[in-house]
Amino acid sequence: MRSIPGVAASESLAPESSETTVATVLCNNDCGGRCHLKAHVKDGKVLRISTDDAPDSPQRPQLRGCLKGRSLARFFANPNRLTYPLKRTGKRGEGKFRRISWDEAINMIADNLKRTLDEWGPGAVYVQYATGQEGVLNGSAWARRMMNLLGGHLGYYGSYSSACLSYTAPFITGYRDTNSYQTLVHSKLIILNGFNPAETIFETNSNYYLAQAKQAGAKVVVIDPRLSETAATFADEWIPLKPTSDAALFAAMAHVMITEQLHDQEFLDRYCLGFDEEHLPAGVPRGESFRSYILGDADGIAKTPEWAAPITGVETETIRRLAREYATTKPAQLIQGLGPQRHASGELSVRAGITLACMTGNLGKAGGGWGGGEGARKVGLPVGGIPTGKNKVQASIPVFLWTDAIIRGTKMTEADGVIGGSLPSNIKFIFNLASNTLLNQHADINRTAKVLADESLCSFLVVSDHFMTPSARFADLVLPGDHSFERNDIGLPWTGERYILFGNKVVEPPPECKNEYWWLSRVAEKLGIGHEFTEGRSCDEWLQQIVTDARTEEPSIPEFDTLRKNGLYRQDPQEYTAFAKEIADPEANPFPTLSGKIEIFSKALYDRHDPQIPAIPRYTAVPEGAEESAEERYPLQCIGPHSKTRTHSIYDQDEWLETAEPHAMSIHPEDARVRKVHDGDRVKVFNERGTLFIHARVTNRVRPGVVVIPEGAWYTPDADGACLRGCINVLTSQSATPLAHGSTQHTLRVQVNKARGGRGD
Amino acid sequence: MVTERRQIAFAVDVTRCINCKTCEIACQDAHRHGSRVRLRRVRTFEQGEFPALIVSNISMSCNHCEDPVCAKHCPAQAYTKREDGIVLHDETRCIGCRYCTWLCPYGAPQFDAESGCIRKCDLCAEELDRGGDPACISACPTRAIEVRWLDELRDAPELTMNIRNLPAPEVTKPASRYRVRKEARND
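The listed protein sequences correspond, in order, to chains A and B.
Residue 0 is where the first sequence starts when you use numbering that gives the first Met the number 0, and the numbers rise one by one after that.
Residue 0 is where the second sequence starts when you use numbering that gives the first Met the number 0, and the numbers rise one by one after that.
So here's chain A without its partners, still in its complex pose (with noise of 0.2 Å):
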């Protein structure tokens, strides 16, 4: 075997070699690890994958690949690979297609595009939240900068995975961060938050180095209503607390801390507005401080453990220990995940997260914590993209909008959370280019059918993608893609991890298999920009541009062809804590928020009047959650965590990763009962919104009242429109949260029943 050498730009490493070559390729998903994979590629076929093998250490340990990575040699053999362009011929979403060649492909989506222009302008044309390449080279990218050279097109703001974290942070703190993960071992208590790093691979490390905290003596404490494989490995203490009544659970382990004087008044005084009275800040009339909300004073209901227990279905106990633990354990970390935030609460768990880091001292120093939200620290390899130009369009919609901005876009206002003035014009023509948001991984899913079906709403639909997946079904044109082991790419951790990968070019792709620069620069031609979108570059030629750039900026990044060659450039893991320049000296390094102090009590939320907006981390019930009573028609609530064995939907076809682990519904042993569902029953699982089957996994795992269902299975709908695999969103809503227009899609209640007669098998 050998190494792959420094070959020439655009080509592809010696694809019919006899030898056994070996070469850092790129897995590219949606996924907060960016993993060290290695194709053994063998007269032009992938022969196996191999991980990281440079010298592991706690000081730099591999970045090794998961389960996904690992298996992605079958890919390349999986049969029902989208090879050509295929034009739809029935209805929307009936999955009959013809071949067309590539010619007129493109002729389809020039003379579409130039329609879509002529009659609605630029902000008709939506270039849909894409996750499926997470590399440089994505077709999103290209997409964006050709429309850009066109005029625009409509945007959109957050993402379907943390929208409240990223739009409430800058309220609270100025800005989202986090610690880097080498600090755990500095913790003697870690509180995990909906945080399950063992199935989501948050960073290809994290596992690791939660492992080795662990080792060093810490203590681990998981809330959540599933025990999860992080809960199950990791922990020394599960809660299950019931799913929405995370700010409830914050809000009563800080009445513990306030009554029995356990919370670090001197940190509050100095760093934070709004704790208690005499740090509100000025025009706000008295009890409105948090202190106030959780001793009662002003509603006259104390947030006492008693108030929390029915609310949060954790004992009075559970939460006085917890409480108490947290505030005297120093350092300790809380970390949340981005599934509390996903809720239809989501903005609340983030602000009453910040608060309890605080009142416990831990915000912004060695082995504390901020308590937010993971994700987005902004110490990273100063790495670009492909640049996309000035989207002159103003108009943004939040994400999860985009269904109604194809009903309703110019009647659309701030109201719902519309920025940058009115949409010029509904969504009339949407690129979906290695997504599965168009249907799939989207909300209410049988809703979403309705609105792409009707063709007077948007009039067309381009996907580009691997597979027919759910959302490719509803395309008017549907374009068979590159995969990343397929052209050369580059690709950088989420996280903040200071390295690079560098994806090489192992196979061919199919003839027909083309990356989405290729047809884009086809389509940008005969709309007259074909050079102004090239530039006369060619995808390895954007690379190196790139690198270039980021040399300048760090000139330790090695060259182009030496990057190539070696696959992976990587500097030292660092310790990094958030926030510690503003914790260490306040008065040069003040909080970028309106105070310059972290915002416990926000004026600006003040100001809106708007109870479901509340000044203060106030705990609100949200309708299906866990306040609504069991007696009701839906009395299950439903949660959607992200399985280990895809990553959102993709995967979702692979027989290895299925055996691994099969797609199945968790539900408690006394909740099966009552229902006489035995463990491997197939069940119904519905809701005013849709119907899915299933198999049942009964199991302690979870607590009782709440269902499982991971995210990401493929809709398969059977003649009634149930779903036969079991996806989530034909069970999900649309409805948003209240500030960040969010995605509220663990938020939902069911009912289950047992199959019956054959039903749904």
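A couple of the hints might just be wrong.
[As the list claims (entries may be wrong)] Here are the simulated PhoX-like cross-link-like pairs (lysine-lysine), alpha carbons at most 25 Å apart as the crow flies:
hint : chain 1 : residue 1 : chain 2 : residue 2
1    : A       : Lys-218   : B       : Lys-181
2    : A       : Lys-329   : A       : Lys-187
3    : A       : Lys-449   : A       : Lys-86
4    : B       : Lys-181   : A       : Lys-187
5    : B       : Lys-172   : B       : Lys-71
No wet-lab data here; the hints were simulated from the structure.
Note that this is a predicted model, so its numbers are computed, not measured.
We have chain A; now place chain B onto it with these hints.
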């Protein structure tokens, strides 16, 4: 210098195992057998009642037993035990009778319908002889699996093969050793 024959052994720290199944898939990818065979499996055992549960994720392939019943009773003499204790199975001798699959208490040898013969963990012997690590070991994100000499592990108090839900080790004298939570120990 080692004078006695030493037995190679898997040492697995279950308290670090996150049940991610990467070892399963890395093994499968390295061995390229039929897709219904899985030479390494992570089995999950739960004890206790909600919410006080003890979960043990036992990642296991062949235990390369000191007394391998598969080898003892194979009518085709397809099994051999190497100098270092690795139990190897020769597919060219295998007649596909599946006798070993009934004998092994751990389900290590598996019948591969696609090739018509038995497949079994070979501890990636070729890779090991080259100085590398078996696929499962180099894959594990929490570094929970190692290969060691059994004599180094025998007296380690935190390690055992007497584990709840697993067969008694006296039957085949498996060479593997596991670190599990005390509640999951039978000894």
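Practice item. Starting from Lys-181 (chain B), check that the Cα of Lys-187 (chain A) is at most 25 Å away, please. Key: With Cα atoms ~23 Å apart, Lys-181 (chain B) and Lys-187 (chain A) stay inside 25 Å; holds.
Exercise for review: Could you grab the alpha-carbon distance between Lys-449 (chain A) and Lys-86 (chain A) and see if it respects the 25 Å cut-off?
Suggested key: holds (20 Å)
Review point. Taking 25 Å as the top limit, are the C-alpha atoms of Lys-329 (chain A) and Lys-187 (chain A) close enough?
Key: The given pair, whose Cα atoms are some 6 Å apart, holds under the 25 Å limit.
Check your understanding: Is the Cα-Cα distance between Lys-172 (chain B) and Lys-71 (chain B) 25 Å or less?
Key -> Holds. Lys-172 (chain B) to Lys-71 (chain B) sits at ~13 Å (cutoff 25 Å).
Practice item. Below or equal to 25 Å on CA atoms is what counts here, so check Lys-218 (chain A) against Lys-181 (chain B). Key: holds (17 Å)
Consistency note: the structure conflicts with none of the earlier hints.
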